[in-house]
Each structure stands twice: as structure tokens, then as C-alpha cells.
Amino acid sequence: MRAVDAIMECLKAEGVDVVFGLPGGANLPTYDAFVDAGIRHILVRHEAGGGHAAEGYAKATGKVGVAFATSGPGATNLVTPICDAMMDSVPVVFITGQVRTDLLGTDGFQEADTLGITLPIVKHSFMVQHPLEIPRAIHEAFHLARTGRPGPTLVDIPVDLSRAEIPYEPVTDVRLPGYQPTFEGNQKQIRQAAKALAAAQRPVLYVGGGVIAAEGSQELRELAISGHFPVTSTVMGLGAFGAPHPQWLGMLGMHGTRTANYAMDEADLICAIGARFDDRITGKLSEFAPHAKFIHIDIDPAEISKNVPAHIPIVGDAKSVVAKLAVEYRALAADPARLDEWWARIRAWQEQYPLRYEESEDSEIKPQYMIQALYEATGGEAIITSDVGQHQMWAAQYYDFPEPRRWINSGGLGTMGFGLPSAMGAAVGCPDQLVCCVAGDGSVQMNMQELATCAQEQIPIKVFIMNNGYLGMVRQWQELFWEKRYSHVDMGDYPDFVKVAEAYGATGMRFEDKGTLVDDMRRAIATPGPVLVDVRVTREENTYPMIPAGKAAREMEG
Numbered sequence: 000m001r002a003v004d005a006i007m008e009c010l011k012a013e014g015v016d017v018v019f020g021l022p023g024g025a026n027l028p029t030y031d032a033f034v035d036a037g038i039r040h041i042l043v044r045h046e047a048g049g050g051h052a053a054e055g056y057a058k059a060t061g062k063v064g065v066a067f068a069t070s071g072p073g074a075t076n077l078v079t080p081i082c083d084a085m086m087d088s089v090p091v092v093f094i095t096g097q098v099r100t101d102l103l104g105t106d107g108f109q110e111a112d113t114l115g116i117t118l119p120i121v122k123h124s125f126m127v128q129h130p131l132e133i134p135r136a137i138h139e140a141f142h143l144a145r146t147g148r149p150g151p152t153l154v155d156i157p158v159d160l161s162r163a164e165i166p167y168e169p170v171t172d173v174r175l176p177g178y179q180p181t182f183e184g185n186q187k188q189i190r191q192a193a194k195a196l197a198a199a200q201r202p203v204l205y206v207g208g209g210v211i212a213a214e215g216s217q218e219l220r221e222l223a224i225s226g227h228f229p230v231t232s233t234v235m236g237l238g239a240f241g242a243p244h245p246q247w248l249g250m251l252g253m254h255g256t257r258t259a260n261y262a263m264d265e266a267d268l269i270c271a272i273g274a275r276f277d278d279r280i281t282g283k284l285s286e287f288a289p290h291a292k293f294i295h296i297d298i299d300p301a302e303i304s305k306n307v308p309a310h311i312p313i314v315g316d317a318k319s320v321v322a323k324l325a326v327e328y329r330a331l332a333a334d335p336a337r338l339d340e341w342w343a344r345i346r347a348w349q350e351q352y353p354l355r356y357e358e359s360e361d362s363e364i365k366p367q368y369m370i371q372a373l374y375e376a377t378g379g380e381a382i383i384t385s386d387v388g389q390h391q392m393w394a395a396q397y398y399d400f401p402e403p404r405r406w407i408n409s410g411g412l413g414t415m416g417f418g419l420p421s422a423m424g425a426a427v428g429c430p431d432q433l434v435c436c437v438a439g440d441g442s443v444q445m446n447m448q449e450l451a452t453c454a455q456e457q458i459p460i461k462v463f464i465m466n467n468g469y470l471g472m473v474r475q476w477q478e479l480f481w482e483k484r485y486s487h488v489d490m491g492d493y494p495d496f497v498k499v500a501e502a503y504g505a506t507g508m509r510f511e512d513k514g515t516l517v518d519d520m521r522r523a524i525a526t527p528g529p530v531l532v533d534v535r536v537t538r539e540e541n542t543y544p545m546i547p548a549g550k551a552a553r554e555m556e557g
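With numbering that gives the first Met the number 0 applied, the sequence shown covers 0 to 557.
Note that these hints are calculated values from the structure, not bench results.
It is possible that some hints are incorrect.
[To be verified] Cross-link-like lysine to aspartate or glutamate pairs, in silico, EDC-like; alpha carbons within 20 Å at most:
1. Lys305 - Asp334
2. Lys62 - Asp431
3. Lys62 - Glu139
4. Lys498 - Asp519
5. Lys11 - Asp172
6. Lys513 - Glu482
7. Lys305 - Asp278
8. Lys483 - Glu540
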């Protein structure tokens, strides 16, 4: 069969039910194969939208997302979603077309060194050099993307090789001798970690997105409840430990709760699970958690002790390791009363420093209230995607996520333009669930063209724009750290989002009254098809609390 038909057979063998992509000259043969393949293809309006949609699909379903693009600009438009997937450990296979092999290195039309450009931002990449390599390359790309620490892989296929006839045989064994992730964790280290937890007077479980990637939320919950441990998470880990819950401290980090950050600052033992101690969590690294010893559980050995030295390192899958850790901890029969003083201190912080804001005295919608209204309108049951900025942090603060895979956002790379296409991908992957995107008026415009895709495919996402007329987070930093010298952050009153939505074939709405906001949002949610809602909020409101960049957790402001 043609190599491109073999690609389709490989995708079906991997369980792929949808591909997001855009055709071009170098991947035309592949697109011809879609005609008879029986695989759903969603035509995006920009390759970046397709890449982020594949991410949203992967984050919502736990399956591998797939995005296609042609050579040159098609492939370079995927660079941002590839890097985003790498930073957030998202399993996505990117398949790009390439110019003919005889044109490689000649600066041919739409030629780009896709392999070289993406090499630092993929888990692994394949440059196909013979048509017989194609099936195995596809299967190995999927295997690498979904196993160990998940991440993006890329397969670059020259157009002449994709047209070749090959004898196709299914690839049933994928063995990579140099790639053997450790799943189980060292039992001796796990036992040592259990003893440390049993002896700790001020422990904290610090949870990252790795717990969700490993499907380890139930195991985490069992460990936390059996030890009555306080739990906090990164922005990527929200939902791993269902909220609200008496042991939940809220998110930690730059815009986390005071309780979570103060608990980390005073802890004597921090058990990090599937988290990487990045700068948004640690603040000033030299002053991070000065009294604590560290247990670090991660499937990626490169993360252990990268930023913070681990006293008890455990390389392994979070689900497997945490389950064993809970068994070992229960066997020690530790006295829960030893934590009474610690919990009293935590409760005092919670009472003294709740998340709060000044409510408006008139009909003006405060951005924090917008998130609370969305929580009420959805009953907390929606998949929420977000763009990047103030609205992202307010959503993380004020929307409680009861389960994993309900919160989809760009954490490590902080990609504006992520929210709308990722909502599209999540809705395709979970067609029976309500999917809402919280966006900013700045970031939504970076991939707003995907509204056309949603309208054409009838993907019923509900996009709620927190519209303050500013690039809000940049404006906040300019206010706080640059003497209010507002430089190029005023977005004005452009565009008219209602008209834009209607032009794209979606429904457009505008909400400006806090008194009717919950009911208005319910009306938007009940409206069939894609809906874009312009919610006018307070122009200048800051996201608090906040650890200023380079400061310690105890120096939180606001």
C-alpha cells in the first residue's frame, strides 16, 4: 500500500479517533489518504490552533493528541504548541510534511529544518529517510509520547517518501533499548519516605501535574486522608486532590493562597509528587522552605534535585509509588495527634488570610466574582480551559476543581492563545461534557480564528472573555514595579466581540451586570453551538495575593 495509507493504519492501531490539522503541498499525499481512512479530521484555521487543540484533547482525555501540518511555515507554526506540550508534559504526536528528499538543504520552496528547529523542545523526533521506516517511526512516536514522562514527539516525512508504495505489516512490538522508564520506585526509598512522613510534625504534600498524568489522584487522596496531611498543588495539579476539602490548602506559588505558601515556608517535611519546583513555586530559591527536608517523587530522574536537593529521591510513576507509600505509612500506625498543633496553625492562617476582594457597590462585575459566577452557573461540573494572564490565576483561585482533567491551561510556557483551541480539543475528546474557556480580551485574539472551526464542526464550547481592555497581567506589573508607566497595554474597546462571534457563525453575547451574571451565564451555556461571551469587568484590578518575583513566600503582598 501507499506509505500514507500505512500512516492511517498506524493511527488506527494506536486508537486515534481524531486528528487536528491543515493541509499543504508537502503533506498532500497524507491528506489524500484521509479520504478513505475513516479517521475524523478537524480542519483548523491555523496550525498553532491545531497543536493546542491536540493538547486540550490529550489533557482532557488522557489519550495521545495528534496534530498534522505541512512543511516550512506549517511546521514552524507548530513550534509554540510543541514547546508548550514539552513544558507541561502533554502526550502529543506532531506529524509534519517535508520537501522532497532531493530538495533537502537547497532552501527549496517551503523548506525548513523542522528537526533542527524543534530538537530542543521535543521528547524525541524522527526524520524519515526511507519509506519503510514510516510505520515504525509512527508507533515509536506514540510509545514515547505516552510512556514515562509524557511529552511531544515529532515525525517529519518528506513528501516523495510518503507517496512510495511499501509492503505494510503491522508493528506489534515497540522496543527501544535506550528508553526504559522506571515505573515502580525503589521500595527501600519508599519505606524511608513513609518513616519520614510518620515522624514529621509539619508535613505538606506538594502535588503537581505529574499526579494527573499518572492517573494517580485516587492514590494521592488515600495517602492524604490516611495521614491527615495538608495538601497543596501547582496550577497544573489542580483537581488532583478534589476541592473543596478540609485538607486542601489551595494552590501555592506566585498567586497561590497565603495558607499554602506559609505552610510550605514553615514545613519540616515536604513530599513533592509529580512536581518540579519551578520558579513560580519556589520564589527566591535560596530562601525556599528553609526548615524542610524533601521527599521528591517523579518519573523523570532529570527533575530530581534539579532545583531543590531531595533528601529522599524516588524515581517512579506517581500512581504506583504513592499507592505503595500509603501502604507503608499505614503500617507504621503513626499518631495523628502529632499534627494537631500544625493543623491549628494552618486553620489560623485560613481564617486570617482567606482569598478576598472588595465587592463592587453597583452593577460592576469584579473579575473574581465572574469566576465565582461561572462556578455557580456550571455547578463546578464543567471542564474549564483558560488562556494565560490574570484571568487564569483568578480561575485557579476561585473555581474549585473536584476531579482531575477538569482544568486545562498552559502552565510552564504560559502561552497566550492556548485557551480557545484547547477548549475545542477538550470538547472533541469529551463530547458529553460542558467545556468552558475563560479567556482574556488580549489572549483570546491570538487564536480566535478557531471559532470558525468550532462553528463548522459544531463544537459547542462556551468562551467567557474577562474583558478589562488591558493586557491585564502586564499592566499589573507595570503598576506595581514600573511606577504605573503603562506602556502599550491598553487594548481599547476593540474588537466588538459580539459581532466577531456572529461573523464566525457563533453566538455572541455581552454581559455587564453582576446582578444577572449567573443567570446570564446559564443562558449562554444553554445556547446550542459555540458561544463567545464578552464579560465587561473592572478595568484595573490586581491579582492578589502575590509573591513578587525573586522574593520569598513569607514576603507575599496583597
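Structure-based check of each hint:
The straight-line distance between the Cα atoms of Lys305 and Asp334 is roughly 33 Å, outside the 20 Å bound, and the hint therefore fails. Taking the CA atoms of Lys62 and Asp431, the gap is near 16 Å; set against the 20 Å cutoff, the hint holds. At most 20 Å may separate the alpha-carbon atoms for a hinted pair to count; Lys62 and Glu139 meet this at roughly 15 Å. Distance check on the hinted pair: Lys498 and Asp519 sit about 18 Å apart at the alpha-carbon level, within 20 Å; holds.
A C-alpha spacing of about 16 Å is found between Lys11 and Asp172, which places the hinted pair at or below 20 Å, so the restraint holds. A C-alpha spacing of about 31 Å is found between Lys513 and Glu482, which places the hinted pair above 20 Å, so the restraint is violated. Pair hint Lys305 plus Asp278 holds up; C-alpha atoms about 12 Å apart against a cutoff of 20 Å. Proposed proximity of Lys483 and Glu540 is supported: the alpha carbons are some 13 Å apart, at most 20 Å.
Checked against the numbered hints above, the structure violates hints 1, 6; every other hint is satisfied.
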